[in-house]
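Engineer: Please model the entire structure based on the sequences and the hints provided.
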Amino acid sequence: MSLTIEAPVAAAKIPHITPAVELPDVLPPVKPRGRVATLIRRYPTMVIGGVLLLLILICAVAAPYLWTVDPTALAPARRTRVPSAQYWFGTDALGRDIYSRVLYGSRISLEVGFAVAILASAIGMTIGLIAGFVRWLDGLIMRIMDGLMSIPPILLAIALMALTRGSVGNVILAITVAEIPRVSRLVRGVVLSLREQPYVEAAIACGTRTPLIIWRHILPNTLAPITVQATYICASAMITEAILSFIGAGTPPIIPSWGNIMAEGRALWQVKPHIVFFPAVFLSLTVLAVNLLGDGFRDALDPRMAKRV
Amino acid sequence: MLRYIARRFVATIPVMAIVALFVFSLLYLAPGDPAAIIAGDQASPADVDRIRAGLGLDRPFLVRFVEWLFNVLRGDLGTSIFTNLPVTTMIQQRLEPTISLMVLTLILSIGLAVPMGVLAAWKHGTWIDRVIMMLAVFGFSIPVFVVGYLLAYVFALDGLGIADHVTTWFGQAAGDTVAGMMLPVQGYTPLARGVGPWLSNLILPAITLGGVYIALIARITRATMLEVLSQDYIRTARAKGVGNSTILFLHALKNAAVPIVTVIGIGIALLIGGAVVTESVFAIPGLGRLVVDAILRRDYPIIQGVVLMFSFVYVLVNLGVDLVYSLVDPRIRY
Chain A
1 MSLTIEAPVA AAKIPHITPA VELPDVLPPV KPRGRVATLI RRYPTMVIGG VLLLLILICA
61 VAAPYLWTVD PTALAPARRT RVPSAQYWFG TDALGRDIYS RVLYGSRISL EVGFAVAILA
121 SAIGMTIGLI AGFVRWLDGL IMRIMDGLMS IPPILLAIAL MALTRGSVGN VILAITVAEI
181 PRVSRLVRGV VLSLREQPYV EAAIACGTRT PLIIWRHILP NTLAPITVQA TYICASAMIT
241 EAILSFIGAG TPPIIPSWGN IMAEGRALWQ VKPHIVFFPA VFLSLTVLAV NLLGDGFRDA
301 LDPRMAKRV
Chain B
310 MLRYIARRFV ATIPVMAIVA LFVFSLLYLA PGDPAAIIAG DQASPADVDR IRAGLGLDRP
370 FLVRFVEWLF NVLRGDLGTS IFTNLPVTTM IQQRLEPTIS LMVLTLILSI GLAVPMGVLA
430 AWKHGTWIDR VIMMLAVFGF SIPVFVVGYL LAYVFALDGL GIADHVTTWF GQAAGDTVAG
490 MMLPVQGYTP LARGVGPWLS NLILPAITLG GVYIALIARI TRATMLEVLS QDYIRTARAK
550 GVGNSTILFL HALKNAAVPI VTVIGIGIAL LIGGAVVTES VFAIPGLGRL VVDAILRRDY
610 PIIQGVVLMF SFVYVLVNLG VDLVYSLVDP RIRY
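So the sequences go chain by chain: A and B. Just so you know, this note's numbering puts 235 at position 235 of the first sequence, and the rest follows in order with no gaps. Numbers given in this note's numbering equal positions in the second sequence, counted from 1, plus 309.
By construction, these hints were calculated from the structure, which means they are not laboratory data. One or more of the hints may lead you astray.
Stretches of chain A that chain B covers, calculated by requiring three or more beta carbons in the stretch to come under 8 Å of a beta carbon on chain B [stated by the list, open to error]:
1. 147 to 155
2. 160 to 170
Which chain A residues stay away from chain B? Per the calculated CB distances, all over 10 Å, these [said to hold, decoys possible]:
3. E22
4. L57
5. L94
6. Y99
7. L119
8. R185
9. N221
10. G248
Computed beta-carbon distance windows for the label pairs [unchecked claim]:
11. B:V412 <-> A:R209: 49 to 59 Å
12. B:T435 <-> A:N221: 26 to 36 Å
13. B:I437 <-> A:V281: 42 to 52 Å
14. B:V319 <-> A:P253: 29 to 39 Å
15. A:V281 <-> B:G629: 34 to 44 Å
Heads up, the beta-carbon is just placed ideally off N, CA and C, and yes, glycines get one too.
Structural biologist: Set out below in structure tokens:
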């Protein structure tokens, strides 16, 4: 007795059935996209902003190696030269090389922008969490924040700078104070709405302690809006720093910051516009990069907001 | 109704009090001892103490704050250290340019930004929308003084040589006309000397100052319009055959007005901050210049007075905005 099974030969010979003709490809084959390509396609603004910011960051970090000279070296014999092969961006009223000054100046802008963004977010977040959780303090904290918010931020920073010596640290502190109220409000709003969420109520019902609820359930959900807000704060802090330096209430004049370079070029700008022009372009590009990055973060992290704005 | 208005007024009192407290602390903490300055180098410590007591500077913080607050409420903001004039007088002298600049900027910005936002929402997703939103991002990103110098370079100094180009293309007469149309670079002409000169001096600063504000209003207009346009009653209106412009401006914009007007009110803070810079760039003798000069001279009473005044104006404007639309919009309950 044989155990081999005969192949059903008959099946192939069923009449009236012909094997399908191989169809031509109607759609072109789908190319597998890399992660980078996907990122560019979905969030073009974020990528443009990120690349631009990265370039400026490289300028700031590698400033000494990018064919710069001492940004504070005076050379009265070579005052107010227009841009040339030797002085790419020209020289200022004291003969200092503007290219070097602008490159070193990016350090101040980035430093102030990042420091204010981090400080204001951290402090604002703490205040917002306290206001959202400690109900009896809420009214008091929010009235103080309302009061601070009703002083226009630049005026508030100017007033604080008038009290202190001009230094980069004081500029950072003054701008931070002016930005804190907005972050606190944002965080408080998020906390108050999260507290009503069923999963937070469930956590409370399970007997989770408040610190753990904050750490595990509230904080992670505030991170997205805070990141977006922090990016915008970074951009506005850079502008505020430049404005403060420009009107003489910011970074000490000895330090080459973009606002200072512009302030020094102010008297001459009608005859030698290049002194003001180059730091202005760099400042605008940097702020633009950060804002684009922020828009990208917003689109990526908060789809509901992205649809609206 | 009256009770609502009264309640809103009362609600701003704590905010105003905090502002006042902050501004007073500014003077209190300001470096430099006025008594020592008045006494001079030769004075003994006992003399300085006597002068300090005479000025009332030795009394506790709260006592001095309350006294200062009563002075402010009576319209006395103290005396400038530098000019010895009352701060209120100095503010009054500088009021007109700043008010002119702000009002012109407001008219210009709202007139431009709201139609831009409506257009972007109407053409949602098209290149028109993208271009307008891109402009808004630029508006947010390019600092006030950069815009100011750029505009002045092109339209006042003719840095791009527009007049020369026009001459080569259209002849000498046309070129001279364009050269004659170039705006003044700096300065301010009071409104009393005619609308023309006033406007020619203010138009560039107003566009400069309006940049961020236009971006802000255009964005919020687009966002709220998009929301409103997706509602059922808009579809009903379309189905009835109502024209596009009627839908946009009568049906939709009216219902989108509350957030837009709110942002216009909140954005006044940007205008105030920007005015400080714009007035410096265009050498307009307004309150912004006053405060910048005061900083350079460390003239604290002036800084204090201007900050206080701007903040109060800001709070009152926003209160006014709130009240107006709660009166106009029947959907807001009070």
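Engineer: Would you pick out the hints that fail for this structure and give their numbers low to high?
Structural biologist: Those not satisfied are hints 10, 13, 14.
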